[in-house]
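Trainee: Each chain is listed here by its residues.
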Amino acid sequence: MRVFWSTCPKCLKAFVVEWELRHAGVKLICPFCGNRHLPDESAELDERQGG
Amino acid sequence: MPKSEQPQRKAHSKGEGKSLSDYLDLIRDDPAEFRTVSRTVNPLNFDVTAVLKHLDLNKEYPTVQFDNPLNMHGEPSIFPIVTNLWATRERCAEAIGLPRSKAGGELGALFANHVAKKREPVIVSNDRAPVHANVLQGKQADMWMLPVVRHYEMDLGGVILMGLIGHAPGEDFYNCTFVKTFPETGQRGGLTIHSAHMSRMTRLWKNRGERFPVINVLGHHPAFWLGTLNSTPWGDNEYATAGAFMGEPVRLTPSVTWGKDFLVPADAEIIIEGEIGPGERMVVDPFGEISGQYQPQQFAPVMEVTAITYRNGALYQDIFSGHREHMLMASVPREGSIFNHVQERLGNVVAVHLPYSGCARFTAYISIKKTGEGQAKQAAIQAFAHVPNLHVVVIVDEDIDVFNEEDVLWAVNTYVDPDRDIDLIKNVRPPSDPRGIGSSRVIFDATRPTHVPFPTRLRVPPDALARVKLDEWLDKAVKGKK
Ligand SMILES: [Zn+2]
Chain A
-15 MRVFWSTCPK CLKAFVVEWE LRHAGVKLIC PFCGNRHLPD ESAELDERQG G
Chain B
122 MPKSEQPQRK AHSKGEGKSL SDYLDLIRDD PAEFRTVSRT VNPLNFDVTA VLKHLDLNKE
182 YPTVQFDNPL NMHGEPSIFP IVTNLWATRE RCAEAIGLPR SKAGGELGAL FANHVAKKRE
242 PVIVSNDRAP VHANVLQGKQ ADMWMLPVVR HYEMDLGGVI LMGLIGHAPG EDFYNCTFVK
302 TFPETGQRGG LTIHSAHMSR MTRLWKNRGE RFPVINVLGH HPAFWLGTLN STPWGDNEYA
362 TAGAFMGEPV RLTPSVTWGK DFLVPADAEI IIEGEIGPGE RMVVDPFGEI SGQYQPQQFA
422 PVMEVTAITY RNGALYQDIF SGHREHMLMA SVPREGSIFN HVQERLGNVV AVHLPYSGCA
482 RFTAYISIKK TGEGQAKQAA IQAFAHVPNL HVVVIVDEDI DVFNEEDVLW AVNTYVDPDR
542 DIDLIKNVRP PSDPRGIGSS RVIFDATRPT HVPFPTRLRV PPDALARVKL DEWLDKAVKG
602 KK
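Chains as they are written, first to last, in this note's numbering: chain A, -15 to 35; chain B, 122 to 603.
Just so you know, the hints here were simulated from the structure itself, not pulled from any lab data. Incorrect hints may have been included.
Taking lysine to aspartate or glutamate pairs in the EDC-like style, the calculated list, with each CA pair at most 16 angstroms apart, reads [as the list claims (entries may be wrong)]: (1) A:LYS(-3) to B:GLU274; (2) A:LYS11 to B:ASP544; (3) B:LYS381 to B:GLU292; (4) B:LYS498 to B:ASP544.
As the structure is a prediction and not an experimental result, all values here were calculated from the model.
Make a model of the complete structure from these sequences and hints.
Mentor: So, in structure tokens, the structure goes:
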């Protein structure tokens, strides 16, 4: 299972997300502040693939 | 409704089935097994898991009852929380009527034997069902009235744990699996379903374009849960399996929403009745899972609540996920199932243990009576075949105690030649999770080599150990004496 990390643009805390949500067009929900944002609106994205 | 207005629970009356409270009566006088917290706690502010984590760090594992929690509206809840119920093997044994002395290697095998003994449920009318003493429907059926626990800092929010029960369209066998319900509002929540049978049922209902009726059972006698946790074949009625573990038939009653088309456990504490809409999904997670890591944020099916019912004086049951309780719930039945599977094929198994260090799920320590080379790997292959999500199997000789991890790792360190005794099985199935090993499996043959001359393990002669009684031979300790 591939995952990525999104950093919330509101509270700047990062959380882990399944890759299925990366381009699904739905807003992620920040577990720390409840803010909803699209992955591309993240303050930071960690989507390295390794290898 | 303030708690003082909630009708009090009556003592167990004749004709009623076993309940959670009946089990708590067995342990509530022993502080090592049962503790209470009377002060007001906010379960959404980690008050509950902070208490449990402190106890865990102290290596204390009592069941804990929080008498005055807040609900999700921030108001006093009418339901106390009971959690950490299965955190010791001894309580798992006791819950199914076994003596605490049977909590070691034999516990798994005894569990496995129970699975074969079905006990068909009986049906009782609603007025004989304690769980229907209070029935809420419409807007009154509000999941936020529950003292839902937020467990870990990255959890999306409060999560209702415990079992989801459903049946396939047109079938009358019921399946129970542990799920997480994320109550977005009082009437709507996302459900994460991980078991194969429940996923199949969800698919079957979705393919028909129909709503999938389900119930969330929040609290029952521990034997009920331990019975339904066993992996049974598709088509088995898990109410009948639970009956075998309860030592009595599970009493069922027609549901509020679907009547006789969906039977619910009459002696449960709280039941949420709901329906999963075909194809509807919402964003849920993260949640602190069995692996000790967070389940990433993901899509999940959506349940809409149709009714909430509860008994007088109902208790809200929760699980300390990612800790011993969560681990033992699944590992004990699985140890027995692996034991039986490998034993039926090879006949040389002594004991099976799924240790906490492997999250009680990913690693198996198996001891065998070895009579020749190759037998260790045969046993490991059988274990992998039986339990696909095992990642590591360590096989040891019968003189190694699989419940003593230091003993097992001693065998790994002294008997394993990495070139000869470690096998990597690649690409067993596609990587399904981010927990490192992913698609591959590892076998450690940590049995003493028999094909070459090899040293033996040191030991003090057993007859000397039997002859010397420590309390007779040691002088009485006197503090300060030189
Ligand atoms: Zn945030």
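Trainee: Indicate, hint by hint, whether the structure satisfies it.
Mentor: Hint-by-hint comparison with the structure:
Simply put, LYS(-3) (chain A) and GLU274 (chain B) have alpha-carbon atoms about 11 angstroms apart, close enough for the 16 angstroms limit, and the pair holds. Restraint check for LYS11 (chain A) and ASP544 (chain B): not satisfied, since their Cα atoms lie roughly 44 angstroms apart, outside the 16 angstroms limit. Annotation: proposed proximity of LYS381 (chain B) to GLU292 (chain B) holds, straight-line Cα distance about 13 angstroms (limit 16 angstroms). Annotation: proposed proximity of LYS498 (chain B) to ASP544 (chain B) holds, straight-line Cα distance about 9 angstroms (limit 16 angstroms).
In summary, the one numbered hint that this structure violates is 2.
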